[in-house]
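Participant: My request is simple: use the sequences and hints to build the entire structure.
The primary structure of each chain is shown beneath.
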Amino acid sequence: MAVVSVQHVTKLFVRDEGEPTVALKDVNLEIEEKQFICIVGASGCGKTTLLRIIAGLETTTEGSILLNGSPVEGTDTDRGMVFQEYSLFPWKSVIDNIAFSLEMQGIPKAERREKAEKYLKIIHLEQFRDAYPHELSGGMRQRVAIARALANEPKVLLMDEPFGALDAQTRNVMQRELLEIWAETQKTIIFVTHSVDEAVFLADKIVILSPRPGKIEEVISVDLPRMRHRTAPKFAELRKHILESMEKSATIR
Amino acid sequence: MRTTKKNTYRNILIPFASVAAVIIIWQIVAVYVVGNTFKLPSFTEVVAAFITDMFGSRGTLPEDIAVSLYHFAIGMAASLIVGIPTGICMGWFRDIDIALNPIVEIIRPIPPLAWIPFAIIWFGLTHAAAGFIIFIGAVFPIIINTYTGFRNVPKVFIEAGKVLGCTKNSSLITKIGFPSAIPEMTAGIRVSMGIGWMCLVGAEIFGAGTGKYGLGKNLWTYYNLHQMDSVVVYMLVLGVIGIIIDILFRHYVNKQTVRWQNNME
Numbered sequence: 014m015a016v017v018s019v020q021h022v023t024k025l026f027v028r029d030e031g032e033p034t035v036a037l038k039d040v041n042l043e044i045e046e047k048q049f050i051c052i053v054g055a056s057g058c059g060k061t062t063l064l065r066i067i068a069g070l071e072t073t074t075e076g077s078i079l080l081n082g083s084p085v086e087g088t089d090t091d092r093g094m095v096f097q098e099y100s101l102f103p104w105k106s107v108i109d110n111i112a113f114s115l116e117m118q119g120i121p122k123a124e125r126r127e128k129a130e131k132y133l134k135i136i137h138l139e140q141f142r143d144a145y146p147h148e149l150s151g152g153m154r155q156r157v158a159i160a161r162a163l164a165n166e167p168k169v170l171l172m173d174e175p176f177g178a179l180d181a182q183t184r185n186v187m188q189r190e191l192l193e194i195w196a197e198t199q200k201t202i203i204f205v206t207h208s209v210d211e212a213v214f215l216a217d218k219i220v221i222l223s224p225r226p227g228k229i230e231e232v233i234s235v236d237l238p239r240m241r242h243r244t245a246p247k248f249a250e251l252r253k254h255i256l257e258s259m260e261k262s263a264t265i266r
Numbered sequence: 559m560r561t562t563k564k565n566t567y568r569n570i571l572i573p574f575a576s577v578a579a580v581i582i583i584w585q586i587v588a589v590y591v592v593g594n595t596f597k598l599p600s601f602t603e604v605v606a607a608f609i610t611d612m613f614g615s616r617g618t619l620p621e622d623i624a625v626s627l628y629h630f631a632i633g634m635a636a637s638l639i640v641g642i643p644t645g646i647c648m649g650w651f652r653d654i655d656i657a658l659n660p661i662v663e664i665i666r667p668i669p670p671l672a673w674i675p676f677a678i679i680w681f682g683l684t685h686a687a688a689g690f691i692i693f694i695g696a697v698f699p700i701i702i703n704t705y706t707g708f709r710n711v712p713k714v715f716i717e718a719g720k721v722l723g724c725t726k727n728s729s730l731i732t733k734i735g736f737p738s739a740i741p742e743m744t745a746g747i748r749v750s751m752g753i754g755w756m757c758l759v760g761a762e763i764f765g766a767g768t769g770k771y772g773l774g775k776n777l778w779t780y781y782n783l784h785q786m787d788s789v790v791v792y793m794l795v796l797g798v799i800g801i802i803i804d805i806l807f808r809h810y811v812n813k814q815t816v817r818w819q820n821n822m823e
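Residue numbers (my numbering), protein chains in the order written: chain E, 14 to 266; chain L, 559 to 823.
Heads up, a few of these hints could be off.
[Unchecked claim] Listed next, the in silico EDC-like pairs over lysine to aspartate or glutamate satisfying Cα-Cα at most 20 Å (straight line):
(1) L/713 x E/71
(2) L/720 x E/98
(3) E/228 x E/71
(4) L/733 x E/124
(5) L/813 x E/166
(6) L/726 x E/89
(7) L/720 x E/166
(8) E/134 x E/109
Bear in mind the hints are in silico, worked out from the structure with no lab data behind them.
Facilitator: Printed below as a string of structure tokens:
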């Protein structure tokens, strides 16, 4: 059974004047356990909206999201999220940021810090345990944000262009680290990006969304072994195919 | 080493010298130019008056300081107790904002001293009457800054809070809104303490209080007695206490929040 099941999801954004915008139209998607899914598409194709609906931060106009077979309503700790913007709480140290969800569960301070320690280790930032977010680089902040989302032990990790604000070099490092984290924690990950390169490097399955209205253009399984080489011919071939598919969907309309 | 020495020189000696220069000029002008204690008491006369007021058998300066600080404490405590919850509710709940905003905007422009007649009628000649005037002056900056602080909580913090388990408004307010709004709130409290301290003098001069002690009250008494040297003493004491309150508050706030606030983008 799928962990996450997106069923006939349609989302309209109603504005005060003019026609409502159709952000998503009848989107269906099944995501299996421990899969790494990337959703790609041009900006404005509704990929972030879809992720936010799965997170429970937006409602659907029609359709529903099932998590292990039961419909989701609103946010809950079974879905972790990493945002594109830096979302760490500046008033909390690294370890307390990671332990935040445990704090919300009412776990005592000593115990939750101990639990958070495990995730601090996974992101290799032990020496920054007591640092505050403003003392960290962009890449480090996103690593802490990943650890914070994981500390909740969610069933699925949602990532909304988490490396979008990073420079190309850091971005490549982060992608590699994310794959290691994924291998270690065995999470189901849904990752939104506009970078085809990033998607081909990371994903088991790539979902191409086409814009206005946002709907699924194509779903591609990537069976290249990891770690993938960006310069390999198969990698380039796949990237070309996806880019063409995106271009086609953009020009038809 | 050399730069440290130079900085000590610049940061301590220069201010010291400029204050000393003002005192010397003051003394010369008072003694040789004005030559009238009533119009401008000299520095040495003020120092003598300070010693009499502070330590003399008839001096009431210690009692005046204590009573004024008491008035100030009443007013500030009340304005924090009322202002912070009001600001939070207005900043967080749209409907409360819409409901309370016109009321706040109508009352806010009334100068606090205009409330003195009603303060006396409602509270009598009590410490609470003086505290009430300080409250009126101090509460609005607290409301408005708390409101702004809660309004400006970055959306991503609220959403991160939601996905991490803050499902109720109460937990979002205490765990996300409050810490995020602290810099704005402390700025508001600082402003309100300055305004409250100013209102104190007016309130006491116009008779709010028990009518015996208070820095503002007896500043006015000395004016009526034409003891202008003591008036200057009270003016300077008011200024110095105002600065001390501000420094203590800033020191406290910095200790609490400077670690994460420093260099925040």
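Participant: Indicate, hint by hint, whether the structure satisfies it.
Facilitator: Hint-by-hint comparison with the structure:
Taken as a hint, the residue 713 of chain L and residue 71 of chain E pair is honoured in the structure, with Cα atoms around 13 Å apart against an allowance of 20 Å. For the suggested pair residue 720 of chain L and residue 98 of chain E, the alpha carbons sit about 16 Å apart, so the restraint of at most 20 Å is met. As the CA atoms of residue 228 of chain E and residue 71 of chain E are separated by approximately 17 Å, the hinted pair is consistent with the 20 Å bound. Between residue 733 of chain L and residue 124 of chain E, the direct Cα distance comes to roughly 19 Å. Compliance with the 20 Å bound is thereby established for this hinted pair.
At most 20 Å may separate the alpha-carbon atoms for a hinted pair to count; residue 813 of chain L and residue 166 of chain E exceed this at roughly 35 Å. About 11 Å separates the Cα atoms of residue 726 of chain L and residue 89 of chain E, which keeps this hinted pair within 20 Å; it holds. Simply put, residue 720 of chain L and residue 166 of chain E have alpha-carbon atoms about 15 Å apart, close enough for the 20 Å limit, and the pair holds. Distance check on the hinted pair: residue 134 of chain E and residue 109 of chain E sit about 14 Å apart at the alpha-carbon level, within 20 Å; holds.
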